[in-house]
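Participant: Sequence:
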Amino acid sequence: MSTLENRPNSALLVVDVQNDAVARAYERDAVVGVIGELVERARAERVPVVWVRHQDEEMPAGSDGWQIVPELRQAAGEPVVEKEYGDAFEATGLEAVLAERGVGRVFVTGAQTDMCVRSTLHGALTRGYDAVLVSDAHTTEDLSRWGAPKPAEVIAHTNLYWSFQKAPGRTAGTVESKELDFRAD
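Going by the numbering used here, the letters in the sequence shown line up with residues 139 to 323, in that order.
I should point out that these hints are in silico values taken from the structure, not numbers from a laboratory.
The C-beta atom is built at its ideal place from N, Cα and C for all residues, glycine as well.
Incorrect hints may appear among the rest.
[To be verified] Straight-line distance between alpha carbons at most 30 Å, and here's what the computed DSSO-like set of lysine-lysine pairs gives:
1) 316 to 304
2) 288 to 304
3) 316 to 288
[Claimed, not checked] Okay, the calculated beta carbon distance ranges per label pair:
4) 146 to 195: 37 to 43 Å
5) 215 to 304: 19 to 25 Å
6) 198 to 178: 26 to 32 Å
7) 321 to 283: 19 to 25 Å
8) 321 to 209: 24 to 30 Å
Go ahead and model the full structure; you've got the sequences and the hints to work with.
Facilitator: Encoded structure:
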């Protein structure tokens, strides 16, 4: 259980599923499809969907590359949190958005697995949230020419190590999209 008081709700975080962020992503279309299904399920169950959008020199705000991919549509009233750092909580309004909605558990999806997704998971857990990674709803691009493992290995390793994370009074772990229950403790 989350260590945050009076925060019984869950939210779906969609991290950086933007045109440039996923342009060369591993299994891009499949992952975006899974995220789209989760967004629809969350909406049907009245679970908050929170969109996170990165901006930097290579992906400036307002550019085509900065836009959320066209396959995913933000619904009226769904917040977009703008960020400049890997961790979606760092120097953003994400904490306030989640607090307003009574959220103590986040289900994390998006890109890049080895950057913003990991940073956001760790940021959530250290701030008192239960942080669950949706194992088939995150992706990354091939950075192996710089010494990183191949994308499938990055994803598998992240799923493995996050499945063993925990902290006092908080839970972490992974769940496959088809097994995800937004209401389960």
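Participant: For each hint given before, does the structure comply? Return the numbers of the non-compliant ones in rising order.
Facilitator: Of the numbered hints given earlier, those the structure breaks are 5, 7, listed in rising order.
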